[in-house]
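Line by line, the protein sequences are chains A and B.
If you use the working numbering, the first sequence corresponds to residues 1 to 471, in order.
If you use the working numbering, the second sequence corresponds to residues 1001 to 1315, in order.
Please keep in mind that the hints were generated in silico from the structure rather than gathered at the bench.
Just so it is clear, the structure is predicted and the values come from calculations on it, not from any experiment.
Note that the Cβ used here is the ideal one computed from N, Cα and C, for glycine as well.
Just to be clear, a hint being listed does not mean it is correct.
[Claimed, not checked] Here are some, though not all, of the chain B residues that point toward chain A, as calculated from beta-carbon distances under 10 Å: (1) 1004; (2) 1033; (3) 1034; (4) 1036; (5) 1039; (6) 1097; (7) 1112; (8) 1161.
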Amino acid sequence: MSSSPYNEMDSDGGRSRTHYLRYAEWLAAQSSDRLAQKRAEADAVFHRVGITFAVYGQEEGAERLIPFDIVPRIVPLEEWIRLESGLKQRVRALNAFIHDIYHEQQILKAGVIPAEQVLCNSQYRPEMQGVDVPGGIYAHIAGIDIVRDDAGEFRVLEDNLRVPSGVSYMLENRKMMMRLFPELFSVHRIAPIDHYPDVLLDNLRSVAPTGVADPTVVLLTAGAHNSAYFEHAFLAQQMGIELVEGQDLFVRDEAVFMRTTQGPQRVDVIYRRIDDDFLDPLVFRPDSMLGVPGLLTAYRAGRITIANAIGTGVADDKSIYPYVPDMIKFYLGQSAIIGNVHTWMLRRPDDREYVLAHLPELVVKEVHGAGGYGMLIGPAASKAEIEAFRHQIIATPERYIAQPTLALSTCPTFTDRGIIPRHIDLRPFVLSGRDVTIVPGGLTRVALREGSLVVNSSQGGGTKDTWVLET
Amino acid sequence: MLSRTADHLYWMSRYIERAESLARLVDAHYRMSLLPHSADALAESLSATMTALHMEDAYRARFDAIEPRAVFEFVSLDRDYSGSIFSCLRAARENARAVRGSLTSELWVTLNSTWLDARSLAARRSPNADIGSFVEWVKERSHLIRGVSIGTMLRDEAFHFTRIGTFLERSDSTARILTAHQSDLVPGADASVVPDPYQWSVLLRALSAFEVYRRVYRDVITPVKVAQLLILRDDMPRSLLRCCKEVYSNIKSVSNEHSAETERRAGEMHAMLHFTRMEDIAATGLPTFLEQFLSRVRDLGDRIASDFLVPPAEA
Chain A
1 MSSSPYNEMD
11 SDGGRSRTHY
21 LRYAEWLAAQ
31 SSDRLAQKRA
41 EADAVFHRVG
51 ITFAVYGQEE
61 GAERLIPFDI
71 VPRIVPLEEW
81 IRLESGLKQR
91 VRALNAFIHD
101 IYHEQQILKA
111 GVIPAEQVLC
121 NSQYRPEMQG
131 VDVPGGIYAH
141 IAGIDIVRDD
151 AGEFRVLEDN
161 LRVPSGVSYM
171 LENRKMMMRL
181 FPELFSVHRI
191 APIDHYPDVL
201 LDNLRSVAPT
211 GVADPTVVLL
221 TAGAHNSAYF
231 EHAFLAQQMG
241 IELVEGQDLF
251 VRDEAVFMRT
261 TQGPQRVDVI
271 YRRIDDDFLD
281 PLVFRPDSML
291 GVPGLLTAYR
301 AGRITIANAI
311 GTGVADDKSI
321 YPYVPDMIKF
331 YLGQSAIIGN
341 VHTWMLRRPD
351 DREYVLAHLP
361 ELVVKEVHGA
371 GGYGMLIGPA
381 ASKAEIEAFR
391 HQIIATPERY
401 IAQPTLALST
411 CPTFTDRGII
421 PRHIDLRPFV
431 LSGRDVTIVP
441 GGLTRVALRE
451 GSLVVNSSQG
461 GGTKDTWVLE
471 T
Chain B
1001 MLSRTADHLY
1011 WMSRYIERAE
1021 SLARLVDAHY
1031 RMSLLPHSAD
1041 ALAESLSATM
1051 TALHMEDAYR
1061 ARFDAIEPRA
1071 VFEFVSLDRD
1081 YSGSIFSCLR
1091 AARENARAVR
1101 GSLTSELWVT
1111 LNSTWLDARS
1121 LAARRSPNAD
1131 IGSFVEWVKE
1141 RSHLIRGVSI
1151 GTMLRDEAFH
1161 FTRIGTFLER
1171 SDSTARILTA
1181 HQSDLVPGAD
1191 ASVVPDPYQW
1201 SVLLRALSAF
1211 EVYRRVYRDV
1221 ITPVKVAQLL
1231 ILRDDMPRSL
1241 LRCCKEVYSN
1251 IKSVSNEHSA
1261 ETERRAGEMH
1271 AMLHFTRMED
1281 IAATGLPTFL
1291 EQFLSRVRDL
1301 GDRIASDFLV
1311 PPAEA
């Protein structure tokens, strides 16, 4: 790391930034005992309410909490306005890109992105070629991971366009903060977020197949053993829709029905929280017990909407990510409001040569990896780990990209040793339907281990409430 | 609503009701164990109860003799025995978790914290754990869960399926408790045989009927009146008639195009109990009567499953 990270709360002079002034004053007046007691209260409530995630491969009752930090991440309004317009721009371009790829492929013909990069990608779904989806929208729900670099500049680290998760924690963290520290909400004007489920439902209804006046929307989950099951149940309940598993649905005459106590009932929109591969055993993985046989036939016939659409992975793959600013230019004729993180594509000889010479300084990621798995963080890695990656890169360079080790911004975080800065990112949730909507803020993830830059919950990350101040 | 959701709701409430019934039985026998000179009667009653609940084989596989302390522990807290109170609470919570989106938040939190507390109680348990206060706690939680569901749930199908589960399980449980005590209850039994007062108190307490009996009959306890109270009284919440009445009315509220026969059988069961006299039961013989009743409960359970909960594959 070349320079020190941007501190969200304190400026270089050690004084609180303007939007943190009130909070800092309040924080200074709190005893660490009170804060510790509040954090314990939060844990107890999260357990009781069952806001937990299942841990794979462990015995009964293996449900863990995602650590919750009681110090909020505050975003001033002017920063949010810029972020919001940048996010909307980006998601519009991504949706246009997916539509184009599955139709005329103009961006490939124009040579902006090499065709083999897209068409040979395992996330490209030839079954979607020529299929029209309502409103031309593919990524109805997008989770865009934003970081802030050492210059204080926001950058997109990653686009999540398949089944992004985490929004339930965004909503529950806010509820928890209001419960623990109601006094803070009277002295700050914090933009509300609790209408997210209404906006989501409205969006899902707006993309129903044409001609359906009062669409039935369901949420498709892999079941109670899935790690994100809490979120699935939570969203279904908040929207007042059925939470279904594959076994609850069946396809007849190219239409999808659910098995109810009153007989079969037609389904129009499926908000699915399982991956493409598992959706339809007749087309994708034949061993999938999670999906619905024949679903793709109904989908291609335009009798059902699936959100997110099948095949969105072609746009959020790490090998496509470097081209997103070009997409924005190509489809919208604009330059990107939020930039990317500089990325070396290791299939390019020049990039590869540079990266192999600088591995100890860089972050190397697997193109298809997710969740913080399959990556090398050069400055934190041992010589042996670096050499192991070097061999893998030389063997299959197209599987990797590299980025500079970012000094992710930090936010004060309550730890056993007091209030200490920890690295954070931000995942806003961008909803596309009739229009593009974002509830203010998003999920702030925090790397709880000292010096760690990995915020994923599977790797010891926690979460914070995110406040967008209205004044 | 989804058939699978209805299935989970139905089993969630069956398991809670089963946990409560077991807690009541342990409680009644536990009190009996505190009285002097009742060791034989206690062992006899425990043995009969375990037989009626089909628990005896599982118990005998682990223990040689019916030892009250061991029975209480086994029935209450055994983690590996699927019929224990602990396992029932776990099963209720697993069913609830599978459909937590269909429960009110209050109901889900009550069920979830019941399970979390049960787990930590079981983990902290000392060799001389107070079984009495554990089963007391289970009863309280069951009352609370039922109260929260009545107090917060919309009166829709979800509610009716939880009620069907509760009352079908309760009718089954009451019939089994009566079976365990049928030798004391044979109507018109030889008046010279004085039934064991301990047995009476177990039976009546296990069904919250001890005080009710006094209130209703203001008389000494006689076999015929006990049987009448627990089988044929419409106003007795755990009687067979009352349970059948609730099952019938809730099934009517969820009827669909396949369920006519199931409704008819539930109605028939209710009518049969409604118009039966103690003399008729005596003529059939109480053991036969209870046996027939239990097989009708089983039949109804199967029919409910195939009509509503696990419909035959379509498409």
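Quick rundown of the hints versus the structure:
1. 1004: Interface hint status for residue 1004 of chain B: holds (5 Å vs cutoff 10 Å).
2. 1033: Since the shortest Cβ distance to chain A is 32 Å, the answer is violated.
3. 1034: violated, 34 Å
4. 1036: violated, 42 Å
5. 1039: violated, 38 Å
6. 1097: holds, 5 Å
7. 1112: Cβ of residue 1112 of chain B sits 5 Å from chain A, so the hint holds.
8. 1161: holds, 8 Å
In this structure, the earlier hints numbered 2, 3, 4, 5 are contradicted, and the remaining ones agree with it.
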